[in-house]
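With chain A held as given, fit chains B and C with the ligands onto it using these hints.
Okay, here's what each chain looks like letter by letter:
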Amino acid sequence: MEEPTVEPKIAVRGLDLYYGRFHALKNIDLDVRPNTITAIIGPSGCGKSTLLRTFNRMNDLITGVRVDGSVRLDGQDIWTGSLTPVQLRRRVGMVFQRPNPFPLSVFDNVAFGPRAHGQRNRRVLEELVEESLRGARLWDEVRDRLNQPATELSLGAQQRLCVARLLAVRPDVILLDEPCSALDPVSTLAIESLMRELQDRYTIVIVTHNMQQAARASDESVYMLLGEIIEHGPTSQVFTNPKDSRTEQYITGRLG
Amino acid sequence: MTVARREKAIERALLVSALSAVSMLALIAAFILIEGAPVMLRHGISSFLAGTRWAPTKGSFGILPMIVASVVVTLGAMVIAVPLGLSCAVFLAEIAPRRAANFLRPAIQLLAGIPSVVYGFVGILFLVPLIRENLGGPGLSVLAAVVILGVMVLPTLIGIAEDAIEAVPRTYKEGALALGCTHAQAIRRVILPAARGGIIAAVILAMGRAVGETMAVIMVIGNAAIIPCSVLDPARTLTSNIALEMGYAAGDHQKALFATGVVLFAFIMVLNSIATMRIVRGRR
Amino acid sequence: MSKGLGHSTRAVSASWLAAAIVVAMALAGCGGRGGRRALVLAGSTSVQPVAELIAEHYEVEHPHHSVNVQGGGSTAGVRAALEGAADIGMSSRALKPDEVGLEPIVVARDAVVLIVHPSNRTTDLTPEQVRAIYTGRITHWSDVTGPKWSSDDRRDDIITLVTREEGSGTRSAFEEGVMAKADITPRALVQDSTGTVRAIVASDPNAIGYISLGMVSSEVRALTYGGVQATEETVEEGTYALARPFLLLTRGAPSGEAGQFIRFALSDEGQQLVVRAGYLPVRRLDP
Ligand SMILES: Nc1ncnc2c1ncn2[C@@H]1O[C@H](COP(=O)(O)OP(=O)(O)OP(=O)(O)O)[C@@H](O)[C@H]1O
Ligand SMILES: [Mg+2]
Chain A
1 MEEPTVEPKI
11 AVRGLDLYYG
21 RFHALKNIDL
31 DVRPNTITAI
41 IGPSGCGKST
51 LLRTFNRMND
61 LITGVRVDGS
71 VRLDGQDIWT
81 GSLTPVQLRR
91 RVGMVFQRPN
101 PFPLSVFDNV
111 AFGPRAHGQR
121 NRRVLEELVE
131 ESLRGARLWD
141 EVRDRLNQPA
151 TELSLGAQQR
161 LCVARLLAVR
171 PDVILLDEPC
181 SALDPVSTLA
191 IESLMRELQD
201 RYTIVIVTHN
211 MQQAARASDE
221 SVYMLLGEII
231 EHGPTSQVFT
241 NPKDSRTEQY
251 ITGRLG
Chain B
1 MTVARREKAI
11 ERALLVSALS
21 AVSMLALIAA
31 FILIEGAPVM
41 LRHGISSFLA
51 GTRWAPTKGS
61 FGILPMIVAS
71 VVVTLGAMVI
81 AVPLGLSCAV
91 FLAEIAPRRA
101 ANFLRPAIQL
111 LAGIPSVVYG
121 FVGILFLVPL
131 IRENLGGPGL
141 SVLAAVVILG
151 VMVLPTLIGI
161 AEDAIEAVPR
171 TYKEGALALG
181 CTHAQAIRRV
191 ILPAARGGII
201 AAVILAMGRA
211 VGETMAVIMV
221 IGNAAIIPCS
231 VLDPARTLTS
241 NIALEMGYAA
251 GDHQKALFAT
261 GVVLFAFIMV
271 LNSIATMRIV
281 RGRR
Chain C
1 MSKGLGHSTR
11 AVSASWLAAA
21 IVVAMALAGC
31 GGRGGRRALV
41 LAGSTSVQPV
51 AELIAEHYEV
61 EHPHHSVNVQ
71 GGGSTAGVRA
81 ALEGAADIGM
91 SSRALKPDEV
101 GLEPIVVARD
111 AVVLIVHPSN
121 RTTDLTPEQV
131 RAIYTGRITH
141 WSDVTGPKWS
151 SDDRRDDIIT
161 LVTREEGSGT
171 RSAFEEGVMA
181 KADITPRALV
191 QDSTGTVRAI
201 VASDPNAIGY
211 ISLGMVSSEV
221 RALTYGGVQA
231 TEETVEEGTY
241 ALARPFLLLT
251 RGAPSGEAGQ
261 FIRFALSDEG
271 QQLVVRAGYL
281 PVRRLDP
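Chains as they are written, first to last, in my numbering: chain A, 1 to 256; chain B, 1 to 284; chain C, 1 to 287.
It is worth saying that the hints were derived from the structure and are not from the lab.
Hints may be right or wrong, so weigh each one.
What the hints assert, rightly or not - Under the rule of at most 20 Å between Cα atoms (straight-line distance), these lysine to aspartate or glutamate pairs were calculated in the EDC-like manner:
hint: 1; chain 1: B; residue 1: K173; chain 2: B; residue 2: E94
hint: 2; chain 1: A; residue 1: K26; chain 2: A; residue 2: D60
hint: 3; chain 1: B; residue 1: K173; chain 2: A; residue 2: D60
hint: 4; chain 1: C; residue 1: K96; chain 2: C; residue 2: E176
hint: 5; chain 1: A; residue 1: K26; chain 2: A; residue 2: D244
hint: 6; chain 1: B; residue 1: K173; chain 2: A; residue 2: D29
hint: 7; chain 1: B; residue 1: K58; chain 2: C; residue 2: E269
hint: 8; chain 1: B; residue 1: K173; chain 2: B; residue 2: D163
hint: 9; chain 1: A; residue 1: K26; chain 2: A; residue 2: E228
hint: 10; chain 1: A; residue 1: K243; chain 2: A; residue 2: E178
hint: 11; chain 1: B; residue 1: K173; chain 2: A; residue 2: D68
hint: 12; chain 1: A; residue 1: K243; chain 2: A; residue 2: D29
hint: 13; chain 1: A; residue 1: K26; chain 2: A; residue 2: D68
hint: 14; chain 1: B; residue 1: K58; chain 2: B; residue 2: D233
hint: 15; chain 1: B; residue 1: K58; chain 2: C; residue 2: D156
Said to hold, decoys possible - Partner residues aside, some chain B positions facing chain A, computed with beta carbon under 8 Å:
hint: 16; residue: T171
hint: 17; residue: E174
hint: 18; residue: G175
hint: 19; residue: L177
hint: 20; residue: A178
hint: 21; residue: R189
hint: 22; residue: V190
Every residue gets a Cβ at the ideal spot worked out from N, C-alpha and C, and that includes glycine.
Bound-form chain A, shown alone (with noise of 0.2 Å):
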């Protein structure tokens, strides 16, 4: 892997992460570089949304985590800096497996954010709404709807809504963990023009069980297998030329 030009938006150094005694990464090293979409493949259970979550601490939540090492956002640590949580992820999103959408109505949905970092002004709020919408593609299909409750609408505009509920908090990053998996063809294509549109202004690390996404979708590729990175490349290096021979086979495995 050639060296970064630019500063990494996130600089994983010796992260290891333990699920009680289960150790669930290791010796994790990884720069995630500005306005590039990352992928993250590996077979089931070798820690891709593990690993996510760490990003955005959302594995704090969870009783019984340990990691050692440690994650940089822009140069400063996420845990021993001054970032607490909240702020963390205000500025590193994330879109579920399964869309969330909150049982609000489309506009709360978006709204819910900004509100719930104190901006009550419902002309701000229906300027970040629609805006928020724009980026997400989503605008045109529910700006009659916005009062709907968010929960009718198609999976693949739920989770388009999922993934403007976060604009509007206008985060750096984005994180999606198999963001498709939920949806049909024509609206994981939709989401992949969308995060092609969001890359100039965002950094996008995707998890992604699906081979051709990954390789359609992303710049750069991390091969992860048991809780080690085995590879990272330009998606195309690792797609066509994998320098791991256990990256072949499950890349071939997969796609053959």
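Below, chains B and C with the ligands alone, put in the same frame as chain A:
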């Protein structure tokens, strides 16, 4: 073939027992109505429901004071129980470490197992003198009943509300936290609204419990058949009216107590149907 | 009667189930005890508990006899005895002049006594005062006997009025004896047992209540009524006005099983049971 036939037999047996339970209930309802309705009709439904004088041995059957007292006492108990019970449910479901919750939960449910006489007794021994000496009045009062009932309904309220909160999908909470909400914000803005149906059901069932409670109320409320003007006044609820006088009542007096039961029955039916509707809607 | 009636629909259904079972058992029990007809007592609900207690012991002593005690009220008791629906009628009032043909036997006396907290300075109330208090015309102790304490805070002085529930024998004795058709104020606290009336008066310095003489204890102080203290003597002489006899009534002189029962009620053992039930015996008992 035989399996199918056995299945049929079981189904039929279940149907019969379900029907008999329902018809038992219908019988009771019919019985109370048949016993209570004539006296109500004879003295006029409005003078029964809106009359303020209860002197059954002298032919006056106004139960408005009891209706008012039941409503006031029940709502009052909710004023105490809802904030307390909801905080407790949130604490158990969201905040307490699992081990503490597992210890506290049965402890709270144990409260439900304490016989109501014991609540009444504690009320007489501690609460009533406390009220009399510090706030005035006879001590036996609406306030005493409100406090005792407020505590008595806590297990019902906490149990159902906690279930409702725990039934909220974890993904809601995660979604809120991932947006940079604090835990408290997640609870207030997502979890509680999402659990609202179940929480309302919990409150309504607790109200049903409060409306129906008899023994403890008789012991601490003073049982004066007047419309209370302050929380320090004594009052008499519908249930205490029945239980208090049933012992020696005869003739019209007894029928009037059944009529009181009809009103109480209507109250509880309404509350329970609202709760059931809430629970059903909450599930959807 | 179950206090839980009306507690909830479930409790109601349970109590009706219980009632059905009791009825079924009672029906099944008919014709038991060797086919002998039970001795039937009916009438005053005030006398009923004493009669039941006596009957229990009577049945132990006479294993082949069974006694059935029913309520209905004094008037119904008189009628039942006259019509022969009951072997023995029970009444908690003297017979009226037109109720002839019955042999009244006093087996106990009930005297209602006004009680106050021991710290209360009042010692006597006239019938007029009691009526004024219980109709709610007088609401402060200072209006009865001058300030109760040196304190001149009128709020501390409000009378806590305690009465029994409608239908209670003690209440009807009190109402008939004192109230003269006037209503007890609905503001009065209502309790459904002597014990709770006494407990409230014992714990509230401002309270006044009334209970049967036999139930007076040292936690409360009995007032004299119209200057007369309630004692077994004043009740028997008739000088204490708030008293009533408990009568057993038979058509003609008591004979047969009815006579046996009444003799038992008047025996030392029967009279001891009267005392135990909280009433005054009609025969002086050896200590
Ligand atoms: N809360 C937890 N407690 C204990 N072990 C856990 C917990 N969460 C995950 N694990 C274990 O850690 C390992 C990594 O889990 P993780 O969810 O990160 O895998 P993954 O790569 O995302 O798998 P998948 O592709 O199935 O989502 C797995 O073996 C899993 O069993
Ligand atoms: Mg995963």
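Comparing the hints with the structure gives:
A distance of roughly 10 Å separates the Cα atoms of K173(B) and E94(B); the hinted pair therefore holds under the 20 Å criterion. With a C-alpha separation of about 18 Å, the suggested pairing of K26(A) with D60(A) holds against the 20 Å cut-off. Using a Cα cut-off of 20 Å, the hinted pair K173(B) and D60(A) holds, with the two alpha carbons roughly 14 Å apart. With a C-alpha separation of about 14 Å, the suggested pair K96(C) and E176(C) falls inside the 20 Å cut-off, and the hint holds.
Among the hinted pairs, K26(A) with D244(A) is consistent with the structure: their alpha-carbon atoms are about 18 Å apart, no more than 20 Å. Simply put, K173(B) and D29(A) have alpha-carbon atoms about 30 Å apart, too far for the 20 Å limit, and the pair is violated. Of the supplied pair hints, the one linking K58(B) and E269(C) is violated, its CA atoms being roughly 39 Å apart against a limit of 20 Å. Note on K173(B) and D163(B): the hinted pairing holds, with a Cα-Cα distance of about 16 Å set against a maximum of 20 Å.
At roughly 5 Å between alpha-carbon atoms, K26(A) and E228(A) fall within 20 Å of each other, so this suggested pair holds. Between K243(A) and E178(A) the alpha-carbon distance is near 25 Å, which puts this suggested pair outside the 20 Å criterion. Between K173(B) and D68(A) the CA atoms are separated by roughly 26 Å; this puts the pair beyond 20 Å, and the hint is violated. For the hint linking K243(A) to D29(A), the alpha-carbon distance of about 17 Å falls within 20 Å, and the restraint holds.
In summary, the hint linking K26(A) to D68(A) is supported, as the alpha carbons are separated by about 10 Å, within the 20 Å threshold. Among the hinted pairs, K58(B) with D233(B) is inconsistent with the structure: their alpha-carbon atoms are about 24 Å apart, more than 20 Å. Simply put, K58(B) and D156(C) have alpha-carbon atoms about 33 Å apart, too far for the 20 Å limit, and the pair is violated. A least Cβ separation of about 4 Å between T171(B) and chain A falls short of the 8 Å threshold, and the interface hint therefore holds.
A hinted interface residue such as E174(B) counts as satisfied when its beta carbon comes closer than 8 Å to some beta carbon of chain A; here the least separation is about 7 Å, so the hint holds. Because the beta carbon of G175(B) sits about 5 Å from the nearest beta carbon in chain A, less than 8 Å, this interface hint is met. At a threshold of 8 Å, the smallest CB-CB gap from L177(B) to chain A is about 6 Å, leaving the interface hint in force. For the restraint placing A178(B) at the interface with chain A, the shortest Cβ-Cβ distance is roughly 4 Å, inside the 8 Å limit, so the hint holds.
A distance limit of 8 Å between C-beta atoms decides the matter here; for R189(B) the minimum to chain A is near 6 Å, and the interface restraint holds. Taking 8 Å as the C-beta contact cut-off toward chain A, the hint placing V190(B) at the interface holds, the least distance being around 5 Å.
In the structure shown, a violation is registered for the earlier hints numbered 6, 7, 10, 11, 14, 15, in ascending order.
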